[in-house]
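Chemist: This is what each chain is made of:
There are 2 protein chains.
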Amino acid sequence: MKKKLTVIKVGGKIVEEESSLNSLLTDFAKIDGCKILVHGGGRSATKIASQLGIESKMVNGRRITDAETLKVVTMVYGGLVNKNIVAALQSRGINALGLTGADMNIIQSKKRPAKDVDYGFVGDGENVDTAILTELLEKDIVPVLAPLTHDGKGNMLNTNADTIAGETAKALARDFDVTLIYCFEKKGVLRNETDDDSVIPFITRSDFEAYVNNGVIQGGMIPKLENAFDALEAGVSEVVITLASSINSIEGTRIKK
Amino acid sequence: MKKKLTVIKVGGKIVEEESSLNSLLTDFAKIDGCKILVHGGGRSATKIASQLGIESKMVNGRRITDAETLKVVTMVYGGLVNKNIVAALQSRGINALGLTGADMNIIQSKKRPAKDVDYGFVGDGENVDTAILTELLEKDIVPVLAPLTHDGKGNMLNTNADTIAGETAKALARDFDVTLIYCFEKKGVLRNETDDDSVIPFITRSDFEAYVNNGVIQGGMIPKLENAFDALEAGVSEVVITLASSINSIEGTRIKK
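Those protein sequence lines, which keep their order, are chains W and Y. Per my numbering, residue 1 is the first one in the first sequence, and the count goes up by one each step. Per my numbering, residue 1001 is the first one in the second sequence, and the count goes up by one each step.
It cannot be assumed that every hint is accurate.
Stated by the list, open to error - Here are the computed distance ranges between Cβ atoms for each label pair:
id, chain 1, residue 1, chain 2, residue 2, range
1, Y, Lys1013, W, Ile222, 44 to 54 Å
2, Y, Asp1116, W, Gly61, 49 to 59 Å
3, Y, Glu1055, W, Lys47, 17 to 27 Å
4, Y, Asp1066, W, Arg92, 22 to 32 Å
Said to hold, decoys possible - Covered stretches of chain W (in silico footprint by chain Y; criterion: 3 or more residues with CB under 8 Å from a CB of chain Y, positions within the stretch not fixed):
id, stretch
5, 45 to 53
6, 64 to 76
7, 80 to 87
8, 90 to 97
9, 103 to 110
To be verified - A partial selection of chain W residues facing chain Y, derived with a Cβ cut-off under 7 Å:
id, residue
10, Thr100
11, His150
12, Lys153
13, Gly154
14, Met156
It is worth saying that the hints were derived from the structure and are not from the lab. Note that beta-carbon positions come from the ideal geometry of N, C-alpha and C, so glycine has one too.
Hey, can you work out the whole structure from these sequences and the hints?
Modeler: In structure tokens, the structure reads:
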């Protein structure tokens, strides 16, 4: 029987407010078995970029990452957010190890080619080294992944945290029984954006397509759900989208093949 | 016979200029056997702090690290400088892993108590986990250490890079034949600050005391040499202070017991 592995992606406002981050980390520390935390940090990056006089340009919800912006996200994701999470987990008895894709070459990717939009130093096509991650997990080390990869040519690449969580979960599904949880400040996928209690408890791919067609599901939730279905197809056992304070319960939206 | 380990501390202007950093990393990649790179980054931290409107206060060459400054050094040392070095080493075929003391709890320290001066979030009394570092080295992984430790209570601590290099070299001297190299933009310890060719080839502790008394050695070189003598006393085989472009040769100043 495969060992259980929980991959949690935490984003949105959760990582950027001390109290919500602390609650999340306390809950995360309680999860039994192997676990990986993947974090975002976009709001902090935007704030620090603005303080440094660097304008944040977003296209389709993705950050245009020129050389100066790459420095900011490398600092904020790889340094500020990642190391504070690692130190906070260590204080909770969790042997955390903060990693970008460059560290031990765990996730190499390719710079997205400029087509209609030049996204700059943004990575796609992640290649996850499962051997090293498996070794760490077997030693009770908890990888904390920043949304950064590298191109193997000396450049860091800004990489979507949902994608990193999805690709990591998929790659490890060969050897582990993987649950992938996307947690954020809402209770799950909502039928009605303005009603926090309108959580859709289950979504299949055909439900998803219908919800996208009728506009119930839109924006950043679309790629998140696409990642979720890809993960299930690739052998991930379960994908859940839920409130950050519900990672230890069975609430939120469950994604079904 | 113990395995050879080279611990290189690179600081000063070297890490902050792309061309000098790249040369150093190319030379570092050529070193045979186990190796660890420890980096500084103070000039970048000062520059980014200033851009963020945070004043850098130094006392005896050490940065006063209040909560805002801690965020800056965590970003700059743990993120910007560390990850760019890691990505650059990966592109040179070196399997680098960027670490702060919080990662896998490799270096825990204690917040320096406020006495005459309150240095803030600054760490002293480093406790280096040699078991994990040894395991990494034996797998041909090259640790790249940022000058940051943690207190085990959730706080990162700004920690002098020379001290981290010295403590790491000392801790690993039980199991490795360790050479500790402090490299920077000068050719070694100079007899005359204004004459780049006045390198002192060997310094013993009694030489050192005489040089401090007559003012030949002063400023930041004093704690660096104290770290060097401590390292030798603790079993480090050799300590060298040299030019960054000379790490593969036998130039510079050799420290003798």
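Chemist: Hint by hint, say whether it matches the structure.
Modeler: Structure-based check of each hint:
1. Y/Lys1013 x W/Ile222: 44 to 54 Å: holds (47 Å)
2. Y/Asp1116 x W/Gly61: 49 to 59 Å: Since Y/Asp1116 and W/Gly61 have Cβ atoms about 52 Å apart, the given range 49 to 59 Å holds.
3. Y/Glu1055 x W/Lys47: 17 to 27 Å: holds (20 Å)
4. Y/Asp1066 x W/Arg92: 22 to 32 Å: Hint holds: Cβ distance 25 Å, inside 22 to 32 Å.
5. 45 to 53: holds (count 4)
6. 64 to 76: Per the Cβ count (4), the hint holds.
7. 80 to 87: Result for this restraint: holds, n = 6.
8. 90 to 97: holds (count 5)
9. 103 to 110: holds (count 3)
10. Thr100: holds (5 Å)
11. His150: The hint holds - W/His150 has a Cβ within 7 Å of chain Y, the shortest such distance being about 5 Å.
12. Lys153: Hint on W/Lys153: holds, closest Cβ of chain Y at ~5 Å, below 7 Å.
13. Gly154: Where the cut-off is 7 Å and the nearest Cβ of chain Y is about 4 Å from W/Gly154, the hint holds.
14. Met156: The hint holds - W/Met156 has a Cβ within 7 Å of chain Y, the shortest such distance being about 5 Å.
The structure meets every hint from the earlier list without exception.
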